[in-house]
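Given the coordinates of chain H, work out where chains V, L, U, B and P with the ligands should sit on it, guided by the hints.
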Amino acid sequence: MPYDPKRMKKVEIVIEAVKLQQVLKIIDQAGASGYTVHESVTGRGHRGYRRGGGVSDLYANAMIITLVDENAAVRIAEEVRDLIQDYAGVMMISDVDVVWPDYDQDQ
Amino acid sequence: MPYDPKRMKKVEIVIEAVKLQQVLKIIDQAGASGYTVHESVTGRGHRGYRRGGGVSDLYANAMIITLVDENAAVRIAEEVRDLIQDYAGVMMISDVDVVWPDYDQDQ
Amino acid sequence: MPYDPKRMKKVEIVIEAVKLQQVLKIIDQAGASGYTVHESVTGRGHRGYRRGGGVSDLYANAMIITLVDENAAVRIAEEVRDLIQDYAGVMMISDVDVVWPDYDQDQ
Amino acid sequence: MNEFIQQATHNLLSPIILFFVLGWIASVLKSDLHLPEAMVRGISYYLMASIGLKGGMELAHEGWTASVIWACLAAGFLGLFLPLIAFSLLRWLGRLSVVDAAAISAHYGSVSAVTFLAASAFLTREGYEFEGYTIAMMAVMESPAIAIGLLLATFFDPSGRKAEGGTPAGEVLREALLNGSVVILVGALIIGAVTGEHGAETVGPFFFDPFKGVLCLFLLHMGIEAARRFADFRQVGLFLTGFGILMPLIGAAIGLATGKLLGMSIGGTLLVAILGASASYIAVPAAMHVALPKANPSYSMTLALGITFPFNVTIGIPLYLFLAKWIH
Amino acid sequence: MNEFIQQATHNLLSPIILFFVLGWIASVLKSDLHLPEAMVRGISYYLMASIGLKGGMELAHEGWTASVIWACLAAGFLGLFLPLIAFSLLRWLGRLSVVDAAAISAHYGSVSAVTFLAASAFLTREGYEFEGYTIAMMAVMESPAIAIGLLLATFFDPSGRKAEGGTPAGEVLREALLNGSVVILVGALIIGAVTGEHGAETVGPFFFDPFKGVLCLFLLHMGIEAARRFADFRQVGLFLTGFGILMPLIGAAIGLATGKLLGMSIGGTLLVAILGASASYIAVPAAMHVALPKANPSYSMTLALGITFPFNVTIGIPLYLFLAKWIH
Amino acid sequence: MNEFIQQATHNLLSPIILFFVLGWIASVLKSDLHLPEAMVRGISYYLMASIGLKGGMELAHEGWTASVIWACLAAGFLGLFLPLIAFSLLRWLGRLSVVDAAAISAHYGSVSAVTFLAASAFLTREGYEFEGYTIAMMAVMESPAIAIGLLLATFFDPSGRKAEGGTPAGEVLREALLNGSVVILVGALIIGAVTGEHGAETVGPFFFDPFKGVLCLFLLHMGIEAARRFADFRQVGLFLTGFGILMPLIGAAIGLATGKLLGMSIGGTLLVAILGASASYIAVPAAMHVALPKANPSYSMTLALGITFPFNVTIGIPLYLFLAKWIH
Ligand SMILES: Nc1ncnc2c1ncn2[C@@H]1O[C@H](COP(=O)(O)O)[C@@H](O)[C@H]1O
Ligand SMILES: Nc1ncnc2c1ncn2[C@@H]1O[C@H](COP(=O)(O)O)[C@@H](O)[C@H]1O
Ligand SMILES: Nc1ncnc2c1ncn2[C@@H]1O[C@H](COP(=O)(O)O)[C@@H](O)[C@H]1O
Ligand code: NA
Ligand code: NA
Ligand code: NA
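Protein chains in written order, with the working numbering: chain H, 1 to 107; chain V, 1001 to 1107; chain L, 2001 to 2107; chain U, 3001 to 3328; chain B, 4001 to 4328; chain P, 5001 to 5328.
In short, the hints are calculated from the structure, not lab data.
Be a bit skeptical, because a hint or two may be false.
[What the hints assert, rightly or not] Stretch-level coverage of chain P by chain B, calculated; a stretch enters the list once three of its residues show a Cβ under 8 Å from a Cβ in chain B:
id: 1; region: 5206-5214
id: 2; region: 5248-5254
[Claimed, not checked] Label pairs and their computed distance ranges (CB to CB):
id: 3; chain 1: P; residue 1: Ile5005; chain 2: B; residue 2: Phe4208; range: 43 to 53 Å
id: 4; chain 1: H; residue 1: Lys6; chain 2: U; residue 2: Arg3174; range: 37 to 47 Å
id: 5; chain 1: V; residue 1: Gln1029; chain 2: P; residue 2: Asp5232; range: 21 to 31 Å
id: 6; chain 1: U; residue 1: Ile3315; chain 2: B; residue 2: His4061; range: 23 to 33 Å
id: 7; chain 1: L; residue 1: Gln2021; chain 2: U; residue 2: Leu3238; range: 35 to 45 Å
id: 8; chain 1: H; residue 1: His46; chain 2: V; residue 2: Asp1095; range: 24 to 34 Å
id: 9; chain 1: L; residue 1: Tyr2103; chain 2: H; residue 2: Lys25; range: 21 to 31 Å
[Claimed, not checked] Here are the simulated SDA-like pairs of lysine to any residue, each with C-alpha atoms no more than 20 Å apart in a straight line:
id: 10; chain 1: B; residue 1: Lys4030; chain 2: P; residue 2: Lys5030
id: 11; chain 1: U; residue 1: Lys3294; chain 2: H; residue 2: Asp102
id: 12; chain 1: H; residue 1: Lys10; chain 2: V; residue 2: Asp1057
id: 13; chain 1: P; residue 1: Lys5030; chain 2: V; residue 2: Gly1045
id: 14; chain 1: P; residue 1: Lys5325; chain 2: P; residue 2: Tyr5128
id: 15; chain 1: V; residue 1: Lys1025; chain 2: V; residue 2: Asp1097
Think of the CB as a built atom: it goes at the ideal place given N, C-alpha and C, for glycine as much as any other residue.
For reference, chain H alone in the conformation it holds in the complex (with noise of 0.2 Å):
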């Protein structure tokens, strides 16, 4: 199949475990098509050091992916921004080239 990527924003996400599924609502509120995530991420902020598998998740970071357009990105930016100012987190965006399957040919 021909190379033919799409240009799209990847915007990438840590945050403390606790609030991860709150970042997946957000996420799907903003119309992306998915997202990946790496459920155990350990790192060191401006909260201190953060690792979790302990007794309590606490101190577990997790970091999350997804492929959105523009418009998206702003908007999740516009709301994760809101939640780190209370959790910790941090928040990045690149532009990249897509490859995504075919989807009407079939599924």
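Below, chains V, L, U, B and P with the ligands alone, put in the same frame as chain H:
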């Protein structure tokens, strides 16, 4: 050592776990010098919610990163696109500056 | 909150697990505000196939992401390049738009 | 009949089944309860090793008589014959596509080891003996069904298989046979047979004594997974849901007849019924998915894990025991 | 007094506490010793299932008498009353913000299951019996404290709660009640009660016999985590550190009185003291964090895990036993 | 000789070794069988805790006699002396670079705990007693070899070490001593010694009874890993492969002499032979890799895990026992 990076393509592929080996083979055959694998990610896309950890590997996803030149990137894209026509997956390509060690110096 | 991202360098480093702490120290000393770590990735490169999970940590890889300004990126690149002359690893740098919370507002 | 109700109640109120129910309820209530991935795989291997060792030691005790050979042949026959029945039903009654029918059929020719374990724990509790070689039969049934599934797909839709770029049959079979759970089951069976009762001293306190408790924990996990799959049952439709209950009944009937013909004990006959009635959800789903990419994998998983498994462990086990006693 | 010193020594030199100390030392020396995430969660579920089954089976044995009902009501009362005391101390003596005081209070109205397990292992070793329904009391105490914590925050700082965008109270309570550990505790309690002594045969060799050894491994982990939290004690300040030791003493006193009033045995009274004295660090921290985003979560964790937990398991248990005997 | 063949057969046909062989075969056949990372680490800690507790309790029983002190001194001597022999062979016979020779040597001065465990399980099965303080000897041998490896590298190639930017010796030693497995071994040894037989009631059903079965599972994993390393043996060449079998024989001989001189029992002497013969593949590889970055880490791992370990557990154990009996 002076900062002298090499501009390359960063190819990232999310693929269902049962097809991981096949994608790695595609990458090898495209002449990539290597790859890095996140063996267990979860996600949502056109084929619904996918999460491993059960009795079967059927719903597990893996994520692969490979740094290659443009030609190899295109070749991988074409083959992976055929694969994700039938299997859950997505692929993205972006530009990065890669810092390699000097492989002639030793080893 | 309005969308007002900050252009930064996203530095990603794959490094063998026994040298993870040293890379984190390099990152700290370069003045990074933080980092995110995938503690267990597998991979293949010039030093062959690497996968942890055995009795020794010798073949395990970790992957680090840090968001920094250009100066810090160069400084990290130079030091990590020396390190991966002797230890398995690779490093890549790209541009991203980072969404930070307003750290003056509270906390 | 009275006795059936009594034993069905015994089964339903055993800790093993109650843990299954607990997992199901937790999943329905959207609790975050879930066993970690590493634990599920670890327990899964433990259970396979345990049952393999037990079977092997029984075999060493009973000796490799003609019955064992006959039983293994019969198991191979079940693995080949049951998918044919399933395929006929799915294709001509259910009007499913060839690949979907073939993929689902392969699951029903293979076995659910956990159903087998639950049944054997039930037998022990109720005081029934059973032949050790039933475990060898289980090992035999792992692969023929996959082969027959592939044959059906290729035979009835020859163009399809090729065009679809599925993995070659030989490789699929090889991978299914070398699936970790299968390897550990067969390996432990041989180790058990080689070391015999002498080995029991070494492995017993770990592999035998706590076995049933570990099974409880695993059924907790199965409950969570089964409930999640069961939630998709609307997608599979009424016909397939019915098939998920009818097919185990057919499989059990054929299994019961086989056990009787082999001259097995009541307990052994029940276990052969389970081999017939249960559907694989460990090695076969991935194997069929890579072999038949155009088949919808959620059909098989929903049926095998969401409908047939719960049916078998709750109602099936005491029902088949009742029937096994009836024909003896 | 002599006897207290003797029992305190017994407790300190038991393998369970020594493994806790080992973990603490390893953490202070910066050893890389740490149990894998999956193992911690797995053991945690195992311990909950184990104690639940044990409690349920005891309940089946003792029967659902009036004492059980009274005890559960008393547990609910403790869960509501202790946070009020804690809140008053923190707010008016410690001058903490409303949200911080409310968040910390909720932890002290709930329970540390591991402290409870260590205490019950201690009782068994010292030869004391205890009422099985103390485990039901523990299950009851999981949630009222969260509710009262939210009420306190809303009542004393009504504007705050709204503006902060915290998760609604109903959802917080729901999630806390459906926390995996709570579900498995309550579920196993019911399974134990339903299957009674009959079930013990099935689950005993896995859930009961190795129990204390598994607890050792878990306390190794708790030692590592507690030392890490304790290292933050400078951040919480002198007042809060003192509170982390005073509050368990108050809780224990109220628990002792409750146990005595309920007419319980010495062992049972000790366990009620533990219910009062211990602070939750499993379900409550995450619940309060999502409910009260402006509260500083490290306060609660440092107190509950870094100060109160070590105090209770080392000195608290024998001290409360001494007092329980004294008032009997 | 007859007896040797008989005991070698006993060893080879024990479940422990058969599980090792199963893992090896599974790996060669490219089965996907592999224990999850968390499980490997968990079992590894469990085995260390178990052997530590056992050794400590034996010590408490036997008392801290002069023999114990002497034995520990002798262990320290083995740890310093064996690397010197290994280094001489590798450097002057094998013509390896200084850093490679030094790195490999350090592995042979240290110990493989799993080989030790397999040997002690073998002794128990064959009915031999052994001194509890052999476990203390094992703990002593963890670090001197690393120190001597670093000294050798610095002494024979002083410029090299500096230029290479290796981690300072002190830090390397510190990290090796604080490796999780070492900490848990030493800690459990002390806990066992402090609690004595009294503690055995608490920890026995978990740490002692299922011990050998757990060891089977771990050897399954070791088989997989050893086969993978063995596959690299062509890269290490014929000389190093021979060294991987010769060096354990030399180490065993010196160990046997040491055991005899210390006046130990046959079983104890065998275990000292194992301390001499086995090579570390847990703490030492990572330590030498960070200390001597220019050394090729696959040499040591292929030798220690792919050649010496399989040799020791299959042939070595019964051979050294035969020799231990012969010199007694
Ligand atoms: N500069 C950074 N680069 C990469 N990741 C970061 C950075 N700052 C924060 N993070 C990640 O975001 C999480 C929360 O950050 P914070 O809210 O600043 O504590 C951290 O635990 C890290 O995983
Ligand atoms: N828009 C997206 N952004 C990020 N990841 C995605 C996206 N769509 C799909 N994925 C990932 O790719 C996997 C397979 O996608 P699909 O084949 O669309 O079901 C999903 O399980 C996700 O992990
Ligand atoms: N071309 C590549 N693309 C992506 N990851 C790579 C690549 N080369 C090396 N790596 C990663 O870096 C690790 C060390 O590389 P090396 O030092 O070349 O063996 C590998 O194990 C991979 O995880
Ligand atoms: Na079947
Ligand atoms: Na309390
Ligand atoms: Na040695």
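We went through each hint and held it up to the structure:
| no. | hint | in the structure |
| --- | --- | --- |
| 1 | 5206-5214 | holds (count 4) |
| 2 | 5248-5254 | violated (count 0) |
| 3 | P:Ile5005 <-> B:Phe4208: 43 to 53 Å | holds (44 Å) |
| 4 | H:Lys6 <-> U:Arg3174: 37 to 47 Å | holds (38 Å) |
| 5 | V:Gln1029 <-> P:Asp5232: 21 to 31 Å | holds (24 Å) |
| 6 | U:Ile3315 <-> B:His4061: 23 to 33 Å | holds (30 Å) |
| 7 | L:Gln2021 <-> U:Leu3238: 35 to 45 Å | violated (59 Å) |
| 8 | H:His46 <-> V:Asp1095: 24 to 34 Å | holds (29 Å) |
| 9 | L:Tyr2103 <-> H:Lys25: 21 to 31 Å | holds (25 Å) |
| 10 | B:Lys4030 <-> P:Lys5030 | violated (39 Å) |
| 11 | U:Lys3294 <-> H:Asp102 | holds (15 Å) |
| 12 | H:Lys10 <-> V:Asp1057 | violated (27 Å) |
| 13 | P:Lys5030 <-> V:Gly1045 | violated (32 Å) |
| 14 | P:Lys5325 <-> P:Tyr5128 | holds (11 Å) |
| 15 | V:Lys1025 <-> V:Asp1097 | violated (25 Å) |
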